[in-house]
Amino acid sequence: MTVTEKVDMVGPARAAIGLISLVLGGFWLVMSPNGGDLTDAFMGAVVAAGGLVLLLWHRLGLSGRLVSVAAGAAGVTGTLAGLTVYASGICCMFSFGESRGWPLTWLGRGAVADTSDEAIRLARLESWGVYPTDLLIDLVVWAYAGMVLAVLIGLVVRAIRSR
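Just so we're on the same page, the working numbering is the position in the sequence shown counted from 1, plus 14.
It should be emphasised that the hints constitute simulated quantities derived from the structure, not laboratory data. By construction, the Cβ of each residue, glycine as well, lies at the ideal position given by its N, Cα and C atoms. No incorrect hints appear here.
Restraint-style ranges between C-beta atoms, simulated for each label pair:
| id | residue 1 | residue 2 | range |
| --- | --- | --- | --- |
| 1 | Ala30 | Leu150 | 12 to 22 Å |
| 2 | Ser176 | Ser102 | 44 to 54 Å |
| 3 | Gly78 | Glu132 | 50 to 60 Å |
| 4 | Ser102 | Ala173 | 42 to 52 Å |
| 5 | Leu74 | Asp128 | 55 to 65 Å |
| 6 | Val83 | Ile34 | 21 to 31 Å |
| 7 | Ala55 | Val170 | 20 to 30 Å |
| 8 | Leu166 | Gly103 | 29 to 39 Å |
| 9 | Thr129 | Ala30 | 48 to 58 Å |
| 10 | Met107 | Val83 | 42 to 52 Å |
| 11 | Thr129 | Leu166 | 51 to 61 Å |
| 12 | Leu166 | Ala127 | 43 to 53 Å |
| 13 | Glu140 | Leu38 | 32 to 42 Å |
| 14 | Arg28 | Thr129 | 46 to 56 Å |
Whenever a hint applies, use it, and build me the whole structure from the sequences.
Put into structure tokens, the structure is as follows:
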């Protein structure tokens, strides 16, 4: 298979992923205008912008390697940095849960007991569980954020050089 044949195969797949991302990100933004928070706005905007970048890739004229490296680095770095966000709470006579991750919590643990103190104690004895779907979504969202940022920086640098 030649390079041209590979490019011809990648183009429609990239366009399909871009279109799906643009629609899903836009839907996320539209469906959470009042009830949403920063997380919903961030995820919707990043996924929609990432979809737009994928759809318009052939017009951008940027290095695919550089943008791919930036997207991969941002995906891993953003997901790991999201672990600094911690949430915990007691609910419903008596369950305690704690979680980590942003924009989605992908690491958590919890317990149910007869008292709140016992629920907290039991939860802290548990090991952390990974939610693989949320982890994958976090990686994709942060990779899209890195891709969009790399494209914006590339376009600004090109505009400055052309002056």
